[in-house]
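Undergrad: Sequence lines, in order, name chains A and B.
Numbering-wise, UniProt numbering puts 293 at position 293 of the first sequence, and it's gapless, one number per residue.
Numbering-wise, UniProt numbering puts 292 at position 292 of the second sequence, and it's gapless, one number per residue.
In case anyone wonders, no lab produced these hints; they're calculated from the structure.
Keep in mind the model is a prediction, meaning the values are calculated, not measured.
Even for Gly, the Cβ is constructed at its ideal location relative to N, Cα and C.
Keep in mind that a hint or two might mislead.
A few chain B positions that, by computed beta-carbon distances, are all more than 10 angstroms from chain A [said to hold, decoys possible]:
1. Gly-46
2. Gly-53
3. Val-81
4. Ser-89
5. Val-103
6. His-118
7. His-207
8. Leu-213
9. Ile-230
10. Val-237
11. Gly-287
On the chain A side, residues computed to face chain B include the following (Cβ under 8 angstroms) [as the list claims (entries may be wrong)]:
12. Met-577
13. Tyr-592
14. Glu-648
15. Arg-650
16. Arg-651
17. Leu-653
18. Leu-667
19. Tyr-668
20. Glu-669
21. Leu-673
22. Glu-674
23. Arg-675
24. Leu-678
25. Arg-679
26. Asp-680
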Amino acid sequence: MATLDIDSRAAQLGIDWSQVHLDSIHLPPGENFGIESDDEGVYHDDQLEFDTGFGNIIVVDNLPTVAKVKFEKLETVLKKIYNQFGVIKENGLCMPVDPNTGLTFGYCFIEFNTPQEAQNAKEKTHGYKLDKSHIFSVNMFDDFDRLMNVKEEWEAPQTKPYVPGENLQKWLTDEKARDQLVIRSGPDTEVLWNDPRQKNTEPVHKRSYWTESYVQWSPLGTYLVTLHKQGAAVWGGADTFTRLMRYQHNMVKLVDFSPGEKYLVTYHSQEPSNPRDASKVEIKVFDVRTGRMMRDFKGSADEFSIGGPGGVAGASWPVFRWAGGKDDKYFAKLSKNTISVYETETFGLIDKKSIKVDNVVDMCWSPTDSIISLFVPEQGGGNQPAKVALVQIPSKVELRQKNLFSVSDCKMYWQSSGEYLAVKVDRYTKTKKSTYSGFELFRIKERDIPIEVLELDNKNDKIIAFAWEPKGHRFAVIHGDQPRPDVSFYTMKTTQHGGRVTKLGTLKAKQANALFWSPTGKYIILAGLKNFNGQLEFFNVDELETMATTEHFMATDIEWDPTGRYVATAVTSVHEMENGFTVWSFNGKLLYRVLKDHFFQLTWRPRPASFLSPEREENIAKNLKRYSRKYEAEDQDVSLQLSEQDREKRRALKEEWERWVMQWKSLYEEEKLERQNLRDGEISDEEEDDDEAKEVKEVEFEDVIDVTEEVVEE
Amino acid sequence: MRPILMKGHERPLTFLRYNRDGDMLFSCAKDHTPTLWYADNGERHGTYRGHNGAVWCCDVSRDSSRLITGSADQTAKLWDVKTGQQLFSFKFSSPARSVDFSVGDKLAVITTDPFMEHTSAIHVKRIADDPQDQVGDSVLVLENPEGRKRINRAVWGPLNQTIVSGGEDAVLRIWDAETGKLLKETDKEVGHKQTITSLCKSADDSHFITGSLDKTAKACLWDMRTLTLIKTYTSGVPVNAVSLSPLLDHVVIGGGQDASAVTTTDHRAGKFEAKFYDKILQEEIGGVKGHFGPINALAFNPDGRSFSSGGEDGYVRLHHFDSDYFNIKI
Numbered sequence: 001m002a003t004l005d006i007d008s009r010a011a012q013l014g015i016d017w018s019q020v021h022l023d024s025i026h027l028p029p030g031e032n033f034g035i036e037s038d039d040e041g042v043y044h045d046d047q048l049e050f051d052t053g054f055g056n057i058i059v060v061d062n063l064p065t066v067a068k069v070k071f072e073k074l075e076t077v078l079k080k081i082y083n084q085f086g087v088i089k090e091n092g093l094c095m096p097v098d099p100n101t102g103l104t105f106g107y108c109f110i111e112f113n114t115p116q117e118a119q120n121a122k123e124k125t126h127g128y129k130l131d132k133s134h135i136f137s138v139n140m141f142d143d144f145d146r147l148m149n150v151k152e153e154w155e156a157p158q159t160k161p162y163v164p165g166e167n168l169q170k171w172l173t174d175e176k177a178r179d180q181l182v183i184r185s186g187p188d189t190e191v192l193w194n195d196p197r198q199k200n201t202e203p204v205h206k207r208s209y210w211t212e213s214y215v216q217w218s219p220l221g222t223y224l225v226t227l228h229k230q231g232a233a234v235w236g237g238a239d240t241f242t243r244l245m246r247y248q249h250n251m252v253k254l255v256d257f258s259p260g261e262k263y264l265v266t267y268h269s270q271e272p273s274n275p276r277d278a279s280k281v282e283i284k285v286f287d288v289r290t291g292r293m294m295r296d297f298k299g300s301a302d303e304f305s306i307g308g309p310g311g312v313a314g315a316s317w318p319v320f321r322w323a324g325g326k327d328d329k330y331f332a333k334l335s336k337n338t339i340s341v342y343e344t345e346t347f348g349l350i351d352k353k354s355i356k357v358d359n360v361v362d363m364c365w366s367p368t369d370s371i372i373s374l375f376v377p378e379q380g381g382g383n384q385p386a387k388v389a390l391v392q393i394p395s396k397v398e399l400r401q402k403n404l405f406s407v408s409d410c411k412m413y414w415q416s417s418g419e420y421l422a423v424k425v426d427r428y429t430k431t432k433k434s435t436y437s438g439f440e441l442f443r444i445k446e447r448d449i450p451i452e453v454l455e456l457d458n459k460n461d462k463i464i465a466f467a468w469e470p471k472g473h474r475f476a477v478i479h480g481d482q483p484r485p486d487v488s489f490y491t492m493k494t495t496q497h498g499g500r501v502t503k504l505g506t507l508k509a510k511q512a513n514a515l516f517w518s519p520t521g522k523y524i525i526l527a528g529l530k531n532f533n534g535q536l537e538f539f540n541v542d543e544l545e546t547m548a549t550t551e552h553f554m555a556t557d558i559e560w561d562p563t564g565r566y567v568a569t570a571v572t573s574v575h576e577m578e579n580g581f582t583v584w585s586f587n588g589k590l591l592y593r594v595l596k597d598h599f600f601q602l603t604w605r606p607r608p609a610s611f612l613s614p615e616r617e618e619n620i621a622k623n624l625k626r627y628s629r630k631y632e633a634e635d636q637d638v639s640l641q642l643s644e645q646d647r648e649k650r651r652a653l654k655e656e657w658e659r660w661v662m663q664w665k666s667l668y669e670e671e672k673l674e675r676q677n678l679r680d681g682e683i684s685d686e687e688e689d690d691d692e693a694k695e696v697k698e699v700e701f702e703d704v705i706d707v708t709e710e711v712v713e714e
Numbered sequence: 001m002r003p004i005l006m007k008g009h010e011r012p013l014t015f016l017r018y019n020r021d022g023d024m025l026f027s028c029a030k031d032h033t034p035t036l037w038y039a040d041n042g043e044r045h046g047t048y049r050g051h052n053g054a055v056w057c058c059d060v061s062r063d064s065s066r067l068i069t070g071s072a073d074q075t076a077k078l079w080d081v082k083t084g085q086q087l088f089s090f091k092f093s094s095p096a097r098s099v100d101f102s103v104g105d106k107l108a109v110i111t112t113d114p115f116m117e118h119t120s121a122i123h124v125k126r127i128a129d130d131p132q133d134q135v136g137d138s139v140l141v142l143e144n145p146e147g148r149k150r151i152n153r154a155v156w157g158p159l160n161q162t163i164v165s166g167g168e169d170a171v172l173r174i175w176d177a178e179t180g181k182l183l184k185e186t187d188k189e190v191g192h193k194q195t196i197t198s199l200c201k202s203a204d205d206s207h208f209i210t211g212s213l214d215k216t217a218k219a220c221l222w223d224m225r226t227l228t229l230i231k232t233y234t235s236g237v238p239v240n241a242v243s244l245s246p247l248l249d250h251v252v253i254g255g256g257q258d259a260s261a262v263t264t265t266d267h268r269a270g271k272f273e274a275k276f277y278d279k280i281l282q283e284e285i286g287g288v289k290g291h292f293g294p295i296n297a298l299a300f301n302p303d304g305r306s307f308s309s310g311g312e313d314g315y316v317r318l319h320h321f322d323s324d325y326f327n328i329k330i
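Could you put the whole structure together from the sequences, leaning on the hints where they help?
TA: This is the structure in structure tokens:
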């Protein structure tokens with residue numbers, strides 16, 4: 001491998017490796033040959049502290065100076081005092097005596113068994129009053145050197161020159177307002193611009209073996225986190241991706257950011273040596289910017305998971321769920337019968353205790369507020385009803401709760417702006433043999449949080465997928481029987497009936513099993529992934545009309561870009577063939593395809609929330625024509641330029657080809673005689689040329705062969 | 001473009017060959033009988049009976065009088081095209097994989113597979129004018145040219161001076177047809193990464209195209225004299241067959257996923273499409289679907305107005321181009 005690298009590098013630089021005499025090379029002096037290692041850790045590691053061996057000795061000052069007579073008495077007193085803090089070593093107390101006067105100097109050394117004891121004793125007895133005039137002054141022996149060297153005059157500490165950090169938001173200022181995406185294929189991880197105008201991607205940064213498992217953007221897109229054996233690292237910056245910080249966590253497996261990207265949670269689980277034991281889990285919470293570990297949690301996987309076998313697989317991720325909003329104030333963990341809510345100010349539990357909820361199995365934060373929704377299933381064989389409750393944090397007040405009967409399962413879906421909560425409830429039929437589904441819809445922002453019950457037109461329909469319109473008031477449901485279920489759209493708000501949920505429409509018999517709303521709402525992709533082979537239907541919910549129906553064969557993943565302008569569909573390496581991704585416009589027009597073998601991951605770089613108020617956004621949408629004119633002109637320019645480039649390229653290709661053809665033709669001519677000889681003199685080449693010249697002409701002509709007259713008798 | 005479906009073979013197709021006039025189409029398949037078809041309406045004209053194994057390859061003489069076929073029964077046979085009679089049988093000790101008549105039809109190059117203790121070999125045979133005088137001796141034998149690796153195709157270079165071969169080791173080689181000396185071979189870096197499955201010469205022997213199973217599955221266009229790589233066409237699936245249009249600057253590439261994996265997925269996953277590319281710009285123009293197994297053989301009619309494809313599914317599909325085809329602009 002290494003020699004291969006060297007060979008390729010040499011070839012790149014145009015060096016003939018075989019001509020190089022290794023002995024003639026003089027390397028620059030120094031251990032690193034004058035080349036700074038790019039692993040700054042090598043240089044910035046703390047200098048190792050060498051243990052002087054005196055760490056467990058303290059010096060007690062301001063003792064009374066005593067003569068020989070009283071020496072022993074003082075010694076007993078001191079021993080008495082210091083034995084409280086630890087074990088003084090044998091002959092560990094030493095009080096020197098001035099040989100001239102026979103008096104003590106007024107200080108002594110005490111050696112403890114351990115440095116901790118010494119430290120403790122120092123802290124506890126510094127300032128100890130033996131009597132009025134003798135107040136102890138205690139120091140660690142090790143500190144003496146340092147304290148003696150303190151300069152007499154105070155020196156102002158040097159202020160380090162301010163080093164401006166990189167602009168981590170630079171990608172947002174792209175002139176063409178493009179979005180970035182990261183892909184992983186084979187050993188390579190690449191960050192690319194999506195350039196729909198050029199119908200291609202433009203590389204930003206590429207690295208082989210950038211990560212050892214996967215990569216993830218932070219929720220606002222500022223950082224890209226990579227996972228390594230030693231821990232996680234975040235990357236970002238203005239132009240290229242530089243490493244901004246590292247977080248040490250051996251064998252980290254999973255990471256999660258807080259929504260305001262202030263904190264990074266890393267997870268590591270270790271398979272137990274005894275398969276019956278639960279695996280060991282270690283979770284650390286880091287401050288993203290300083291890299292400081294704020295808190296770590298250790299325990300067996302059981303403590304971090306609920307329901308299911310848990311044990312071997314480890315905890316379900318994310319273990320810690322962050323409260324909504326961007327202030328990253330609270331995070332919560334669900335465990336058996338409790339919900340533990342931590343606050344980030346102290347990284348301790350709120351009010352120092354968890355919330356006790358018997359048998360709780362699921363919890364969700366509101367995406368915007370510090371409200372937890374939780375679900376408790378039925379207990380006691382149906383005697384105690386199931387319950388869905390909303391709990392306000394940090395007050396832990398239950399805002400609303402609803403009891404539900406004969407429930408088999410519940411799923412909670414928050415709308416992205418925290419206005420609504422939909423709870424899909426699967427209930428048993430009377431016979432308890434089958435289940436049917438309905439929805440409980442909570443209107444969080446209205447007074448008293450009214451709850452509405454929604455049942456599908458056909459109660460027995462199975463619900464295959466559910467999705468809220470982001471920032472909107474609508475939701476879509478796929479229901480019915482495979483392989484051709486129906487898709488229905490509902491709205492929580494209509495002009496006619498203000499506060500009632502109403503159905504907008506149903507699309508019958510669609511090949512879909514997943515819903516992907518555009519991040520700006522209005523558009524949705526009804527996708528048939530997996531066994532539907534990647535059917536895609538781009539649907540406009542405002543107009544309730546299909547914009548396009550297409551297919552990305554075998555597509556496994558679909559992801560909208562953060563602006564809702566483009567969609568990427570990908571076939572990842574779960575399939576062998578046709579790995580790669582396709583980018584579509586929001587209305588289902590195919591823009592371009594990129595094929596990559598061993599394609600693992602595609603993630604768009606998220607954008608932070610817009611600074612525009614909803615009113616202004618609406619205003620822009622209204623006057624879109626005025627704003628878009630500028631961009632249309634740009635589009636026009638680009639397309640002209642593109643074709644110009646293209647033409648240039650094509651002309652070059654054509655010319656090159658012509659040169660080949662000319663060469664071949666002349667050679668062909670030269671060899672004509674020889675070829676004729678090989679063919680026994682058959683003049684064949686001309687014949688071929690003649691073929692082309694030959695034209696089949698159809699000539700019609702009439703010829704009078706014979707004329708006879710016959711008398712027709714009447 | 002409505003294809004003519006030619007059902008005559010019972011096993012997967014292996015090779016297709018038009019005669020020079022473009023009125024006859026010869027097909028070889030894993031069943032033992034090469035078949036002759038009318039190239040315009042796809043009617044079957046006759047068969048050549050005598051082989052006792054899969055027939056891998058064939059070539060027809062310039063005057064359409066002789067046919068040579070190479071078969072897994074360890075023979076290559078000469079046939080009278082008109083009567084269907086076997087004129088001569090060259091016996092080998094391993095299957096004959098590829099056959100090619102030289103310019104003037106006086107020589108034929110035959111490759112044989114590695115088999116038992118025999119390595120692969122390239123044989124040059126002299127073809128007698130009168131079949132009575134035909135002898136089985138080789139003019140030249142290149143033993144072990146690629147070791148134990150199979151040679152999938154060997155053809156004559158310009159003026160019969162060279163022989164170009166390609167096979168499982170993904171390297172193309174040019175041999176001196178007189179001495180058997182290796183003149184040139186392709187660089188691993190530049191060329192194919194996996195087995196070369198097919199090779200098709202241009203009409204004037206100036207360049208040729210090869211198809212390969214390598215991951216990027218490309219067909220490469222090579223200069224026949226210098227072995228320079230000129231173009232690469234990436235297809236996304238393994239390539240089994242390639243052909244050059246004699247009329248327009250088009251190449252056609254066929255293939256699809258491995259035959260052993262076909263039944264495991266939807267037929268659309270296989271991409272059993274004959275894909276057309278612009279020869280110069282290397283851009284895909286379009287595709288012709290229809291086969292429900294990988295495409296194993298492709299051939300253009302010498303007039304460039306029709307082409308036929310043979311599939312693992314046992315069908316030959318004969319396509320006469322619509323007039324639109326001749327006006328494709330990209």
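Undergrad: If a hint holds in the structure, say so; if it doesn't, say that too.
TA: Hint check:
{"no.": "1", "hint": "Gly-46", "verdict": "holds, 27 angstroms"}
{"no.": "2", "hint": "Gly-53", "verdict": "holds, 32 angstroms"}
{"no.": "3", "hint": "Val-81", "verdict": "holds, 18 angstroms"}
{"no.": "4", "hint": "Ser-89", "verdict": "holds, 26 angstroms"}
{"no.": "5", "hint": "Val-103", "verdict": "violated, 5 angstroms"}
{"no.": "6", "hint": "His-118", "verdict": "holds, 31 angstroms"}
{"no.": "7", "hint": "His-207", "verdict": "violated, 7 angstroms"}
{"no.": "8", "hint": "Leu-213", "verdict": "holds, 13 angstroms"}
{"no.": "9", "hint": "Ile-230", "verdict": "violated, 6 angstroms"}
{"no.": "10", "hint": "Val-237", "verdict": "violated, 7 angstroms"}
{"no.": "11", "hint": "Gly-287", "verdict": "holds, 14 angstroms"}
{"no.": "12", "hint": "Met-577", "verdict": "holds, 6 angstroms"}
{"no.": "13", "hint": "Tyr-592", "verdict": "violated, 13 angstroms"}
{"no.": "14", "hint": "Glu-648", "verdict": "violated, 13 angstroms"}
{"no.": "15", "hint": "Arg-650", "verdict": "holds, 6 angstroms"}
{"no.": "16", "hint": "Arg-651", "verdict": "violated, 11 angstroms"}
{"no.": "17", "hint": "Leu-653", "verdict": "holds, 5 angstroms"}
{"no.": "18", "hint": "Leu-667", "verdict": "holds, 7 angstroms"}
{"no.": "19", "hint": "Tyr-668", "verdict": "holds, 5 angstroms"}
{"no.": "20", "hint": "Glu-669", "verdict": "violated, 10 angstroms"}
{"no.": "21", "hint": "Leu-673", "verdict": "violated, 10 angstroms"}
{"no.": "22", "hint": "Glu-674", "verdict": "holds, 5 angstroms"}
{"no.": "23", "hint": "Arg-675", "verdict": "holds, 6 angstroms"}
{"no.": "24", "hint": "Leu-678", "verdict": "holds, 4 angstroms"}
{"no.": "25", "hint": "Arg-679", "verdict": "holds, 5 angstroms"}
{"no.": "26", "hint": "Asp-680", "verdict": "holds, 7 angstroms"}
Violated hints, in rising order: 5, 7, 9, 10, 13, 14, 16, 20 and 21; the structure is consistent with all others.
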